[in-house]
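Engineer: Take the sequences, apply the hints, and build the full model.
Quick note: the sequence shown, position 103, residue 103 per the numbering used here, numbers continuous.
Source of the hints: derived by calculation from the structure; they are not laboratory data.
Note that beta-carbon positions come from the ideal geometry of N, C-alpha and C, so glycine has one too.
Check each hint, because a few of them may be wrong.
[What the hints assert, rightly or not] FRET-style restraints, in silico, Cβ to Cβ:
no. : residue 1 : residue 2 : range
1   : Ser71     : Leu155    : 17 to 23 Å
2   : Ile2      : Leu91     : 28 to 34 Å
3   : Phe113    : Gly5      : 32 to 38 Å
4   : Ala60     : Leu85     : 24 to 30 Å
5   : Ile8      : Pro118    : 25 to 31 Å
6   : Val52     : Thr139    : 18 to 24 Å
7   : Arg40     : Ala63     : 34 to 40 Å
8   : Val68     : Ile8      : 27 to 33 Å
9   : Leu151    : His108    : 23 to 29 Å
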Amino acid sequence: MIETGFLITAFATLFVVIDPPGLVPMFIALTRGMSVEQRRAMALRACTIAAVLLTLFAIAGEAILGFVGISMSAFRIAGGLLLFLTALDMLFERRTQRREGQQAEPDHDPSVFPLATPLIAGPGAIATMILLVGQTGSTWAGTGVVVGLMLAMLLTT
Numbered sequence: 001m002i003e004t005g006f007l008i009t010a011f012a013t014l015f016v017v018i019d020p021p022g023l024v025p026m027f028i029a030l031t032r033g034m035s036v037e038q039r040r041a042m043a044l045r046a047c048t049i050a051a052v053l054l055t056l057f058a059i060a061g062e063a064i065l066g067f068v069g070i071s072m073s074a075f076r077i078a079g080g081l082l083l084f085l086t087a088l089d090m091l092f093e094r095r096t097q098r099r100e101g102q103q104a105e106p107d108h109d110p111s112v113f114p115l116a117t118p119l120i121a122g123p124g125a126i127a128t129m130i131l132l133v134g135q136t137g138s139t140w141a142g143t144g145v146v147v148g149l150m151l152a153m154l155l156t157t
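Structural biologist: Set out below in structure tokens:
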């Protein structure tokens, strides 16, 4: 059985790493001049692609790491460092300033790049999904719970 404390921690971690409020200025900048329907379709496409990517890494991430020869212990250390650096970056507000300064070409559909990846399903989110699934003991129920939390969080995005 998965504990309530783990569920709260997992949701909070995913929320901080994916950072839906921080994505708003970037989304507005990338969809400038689009109709409401176009914006909604782009947001849905970006969240769907990000959900598929994160689910794929939640299910097969540990196997992919094993194939490359990276142990879960080494990945936990690297993932922790990545999350720490992301937190420091957010603390000093450089991440938001970088996002607001980026612009995409007007004829380019930004729903896959840069919205779905790397902004929503970036390295931090992928590492977090793999680590959270690893904490559940890699059971299908644990994987399902972590993926469900991620989907619930993306729906709020």
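Engineer: Each hint: holds or not?
Structural biologist: To see whether the hints hold, each was checked on the structure:
1. Ser71 to Leu155: 17 to 23 Å: For Ser71 and Leu155 the Cβ distance comes to about 34 Å; the hint is violated.
2. Ile2 to Leu91: 28 to 34 Å: holds (30 Å)
3. Phe113 to Gly5: 32 to 38 Å: holds (36 Å)
4. Ala60 to Leu85: 24 to 30 Å: For Leu85 against Ala60, whose Cβ atoms are near 25 Å apart, the range 24 to 30 Å holds.
5. Ile8 to Pro118: 25 to 31 Å: Since the Cβ atoms of Ile8 and Pro118 sit about 26 Å apart, the hinted range of 25 to 31 Å holds.
6. Val52 to Thr139: 18 to 24 Å: holds (21 Å)
7. Arg40 to Ala63: 34 to 40 Å: At 35 Å between Cβs, range holds.
8. Val68 to Ile8: 27 to 33 Å: holds (32 Å)
9. Leu151 to His108: 23 to 29 Å: holds (27 Å)
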